[in-house]
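**Q** Those protein sequence lines, which keep their order, are chains A and B. All residue numbers for the first sequence refer to the numbering used here, where the first residue is 227 and numbers rise by one. All residue numbers for the second sequence refer to the numbering used here, where the first residue is -6 and numbers rise by one.
It should be emphasised that the hints constitute simulated quantities derived from the structure, not laboratory data. It is possible that some hints are incorrect.
Label pairs and their computed distance ranges (CB to CB) [what the hints assert, rightly or not]:
| # | chain 1 | residue 1 | chain 2 | residue 2 | range |
| --- | --- | --- | --- | --- | --- |
| 1 | A | 293 | B | 568 | 49 to 59 angstroms |
| 2 | A | 283 | B | 370 | 47 to 57 angstroms |
| 3 | B | 113 | A | 259 | 48 to 58 angstroms |
| 4 | B | 337 | A | 287 | 36 to 46 angstroms |
| 5 | A | 270 | B | 531 | 48 to 58 angstroms |
| 6 | B | 336 | A | 276 | 47 to 57 angstroms |
| 7 | A | 283 | B | 375 | 28 to 38 angstroms |
| 8 | A | 262 | B | 356 | 22 to 32 angstroms |
| 9 | A | 262 | B | 625 | 52 to 62 angstroms |
| 10 | A | 287 | B | 228 | 54 to 64 angstroms |
| 11 | A | 293 | B | 584 | 21 to 31 angstroms |
| 12 | A | 265 | B | 246 | 26 to 36 angstroms |
| 13 | A | 259 | B | 452 | 50 to 60 angstroms |
The calculated lysine to any residue pairs, modelled on SDA-like cross-linking and capped at a C-alpha distance of 20 angstroms, are [stated by the list, open to error]:
| # | chain 1 | residue 1 | chain 2 | residue 2 |
| --- | --- | --- | --- | --- |
| 14 | B | 49 | A | 231 |
| 15 | B | 49 | A | 280 |
| 16 | B | 49 | A | 293 |
Small disclaimer: the values here were computed from a predicted structure and weren't measured. Think of the CB as a built atom: it goes at the ideal place given N, C-alpha and C, for glycine as much as any other residue.
The residues making up each chain are set out below.
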Amino acid sequence: MHGSGIPIWFFIGVLLFLYGVMVFGYGLYELSTGLYPQGVQLTNLHTPIWWGGLLLLVGVIYLVRFRPGRIAK
Amino acid sequence: MFDFFSGFPAAGSVTPFPALLAFNTEPLAHLRLLDIAVIAIYFGMVIWIGFYLKGKSNTSEEFFMAGREMTAWVAGLSFVSANMGSLELMGWAGSAYQYGILATHWYWIGAIPAMLFLGLVMMPFYYVSKTHSVPGYLDLRYGGGARTVAALSFAIEMILMSGVNMFAMAVVMKVVLGWDITFSIFVSSIAVALYVGLGGLRSAIFNEVLQFVLIWGGALLVPILGLYQAGGVTGLKTRILTNLQTMSGVNPDSYLHLWRDTGHFASNPMGVHWTGIVLGLGFVISFGYWTTDFLVVQRVLAAHNLRAARMAPIIGSFFKMAVPFIVILPGLLGLVLLQNADGSRRQLVGEDVVAACTLNSASQPENPAACIAAMQKTNLSPESKQKVLAGGADAELHSYNQALPLMMVRYLGPGLLGLGITALIAGFMSGMAGNVSAFSTVWTYDIYQPLINKKGSDSHYVMVGRLAIVVGVLVSIGAAYLVMHAHGIMDYVQALFSIFIAPLLATILLGMFWTRATKLAGFLGLMLGIIFSAGLFMWVKLTPSALATVALSPDAKPMAENVFRALWAFVFAAVIVVVVSLLTKPRPVAELNGLVYGATVLPKEEPVPLYKNEWAWAVLVVIIFAVLNILFW
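Could you build all of it, start to finish, from the sequences and the hints given here?
**A** And the structure:
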């Protein structure tokens, strides 16, 4: 985006960061308590941990890379 | 979107999906607090974006064209995202379940060549003419008559489609989550009216990019986990061949080939011939949609320069080629992995069968005779039929269109399920917002300004545009309730697009590439083409046996009808434009600069390195496209 202040990528970073924290956090809760949702398949893969972690990582990268005020090259 | 095969393309049945409203059954999924929080954050984010962008949408150029300052990436993602509504995701996953890999044609040959053509060949004319809309281009090329016909058709179609989208979302939310229809309609309407009304096209585009990321973030896990469980691609193929052996009348191998079995209508599950795929889908329908539908073209017109405008569809085409991974693959995986609670394979059926076998409060079929008759048409195993008629737990049937939500429920736990549902909601809202923002532009620039008030100030037109969004949303709500109470209307609303787009394509292509095409020819070609196309639609509607004539074979399925109807409407409109042009006086070539190929001097673009050159990227797209088609031949 040119000349519109906060770029869309920053908004995406915020959203992915929040979702990453929530999903990753739930994954940790699942792992620590051993309580897994009924009826959901492949819980042994601990999907919320690695998928939530990925969302969190991408979110942080976007937040830093596209933070408001950072001058685009 | 691509709704011209009906919002839920997999339906292909007598009863449209509003029949699902008759259900009195448990929702597919139950959301936890974490899922609700994920959805609430999404709504908060889209409204925040709308308020944030309000201050940047004060002039008409900013409000209607997003200031023409989008980068190629933003415009490209928005371009492809505006098309990725949830009806599309769920419908094509259902189609893949029903027809196999053939459904991929709608993503590859039904999109990629047209997207490249738009970027490389047509975009310069749209962009250089500085038009604000597709009817605006028709005005410059053919005059006010063609513009008015196109603008009115677009406006009516967009607002009704927005209503259909709204209603469809509400139905899906009711079936999947058990949410109240009115609650879903009003929450989504208020959110869309707020963020588009405040931030205009820029806000719609921002949210489409956001939605694009959400769809991948929410839906990508399903094929990954499904493939893992199925034993990879080899395991999936083996299971499809094994499972489908048990179903009569189907050649299991044909589910896995794109082209091999399209030499005869009857030799593939879709009942379509390769000529229909190439000419009807790959040319008329695809080019009509991707190059002339203002909903998608508007996104590219918002690019900040010509090179970005040309790159945007090419960038979009890479992502479009990848979409089958999150849409078609889950459908195929559902074919072999979905299970009932007792571990038996869950077989999905058409909406009409689901509606006929609706269970009563005692979990027994309400009308056993109707249910038996409906199940006779399916490939359900005798055990499955018996289970349905016996009632009780596990007796409920699910439709093809529920393949994707069922797969989500199978693999996604708390939080992740909320993300998947948010992806579906985002898709619906994006579809509504796209239609409403395009409606606002067409209403203001192509109807209000030329026909009602030519001398308004810039701020007056922005006010009219904002008002059009509010009115558009209100009319959409009305359309949603109309569809709810008169289900048959849905077929007609969804047919509007397919009726209109083929004559429009013929008129625009001849106008853009033939200097001889005249004003009267453009008007008559568009007008009579629409009437002809509508006539073919009504003929088949009133006389179902006419399908064999329109689609060239008695074995043709409803989907083939859309493809061939579009082809005939294109040919008819093109003949009208050519004949009338030859009988009337053309405009001087000098007047066509910026509008027609051969009469336009395109601005010289600065040379760029190969990795920034649109032609180089287009060649790469062509290579990948060819490899994919050969790989899945």
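**Q** For every hint, state whether the structure bears it out.
**A** A quick look at each hint next to the structure:
In this structure, residue 293 of chain A and residue 568 of chain B meet the distance hint of 49 to 59 angstroms, their C-beta atoms being roughly 58 angstroms apart. At about 49 angstroms, the beta-carbon gap between residue 283 of chain A and residue 370 of chain B stays in the expected band of 47 to 57 angstroms. The supplied range of 48 to 58 angstroms is met by residue 113 of chain B and residue 259 of chain A, whose beta-carbon atoms lie about 56 angstroms from each other. Hint check: residue 337 of chain B to residue 287 of chain A, Cβ distance near 45 angstroms, so the stated range 36 to 46 angstroms holds.
For residue 270 of chain A and residue 531 of chain B, the Cβ-Cβ distance of about 56 angstroms falls inside the hinted range of 48 to 58 angstroms, so the restraint holds. A C-beta distance of roughly 28 angstroms is found between residue 336 of chain B and residue 276 of chain A, which places it outside the suggested range of 47 to 57 angstroms. About 51 angstroms separates the C-beta atoms of residue 283 of chain A and residue 375 of chain B, a value inconsistent with the hinted range of 28 to 38 angstroms. Between residue 262 of chain A and residue 356 of chain B the Cβ separation comes to about 28 angstroms, which falls inside the hinted range of 22 to 32 angstroms.
Separation of residue 262 of chain A from residue 625 of chain B is about 36 angstroms and departs from the stated range, judged on CB atoms against 52 to 62 angstroms. At about 34 angstroms, the beta-carbon gap between residue 287 of chain A and residue 228 of chain B misses the expected band of 54 to 64 angstroms. In this structure the hint that residue 293 of chain A and residue 584 of chain B lie 21 to 31 angstroms apart at CB is violated, the actual value being about 50 angstroms. For residue 265 of chain A and residue 246 of chain B, the Cβ-Cβ distance of about 33 angstroms falls inside the hinted range of 26 to 36 angstroms, so the restraint holds.
For the pair residue 259 of chain A and residue 452 of chain B, the beta carbons lie near 58 angstroms from each other, so the given range of 50 to 60 angstroms is met. At most 20 angstroms may separate the alpha-carbon atoms for a hinted pair to count; residue 49 of chain B and residue 231 of chain A meet this at roughly 9 angstroms. Distance check on the hinted pair: residue 49 of chain B and residue 280 of chain A sit about 33 angstroms apart at the alpha-carbon level, beyond 20 angstroms; violated. At most 20 angstroms may separate the alpha-carbon atoms for a hinted pair to count; residue 49 of chain B and residue 293 of chain A meet this at roughly 19 angstroms.
Checked against the numbered hints listed earlier, the structure breaks hints 6, 7, 9, 10, 11, 15; every other hint is satisfied.
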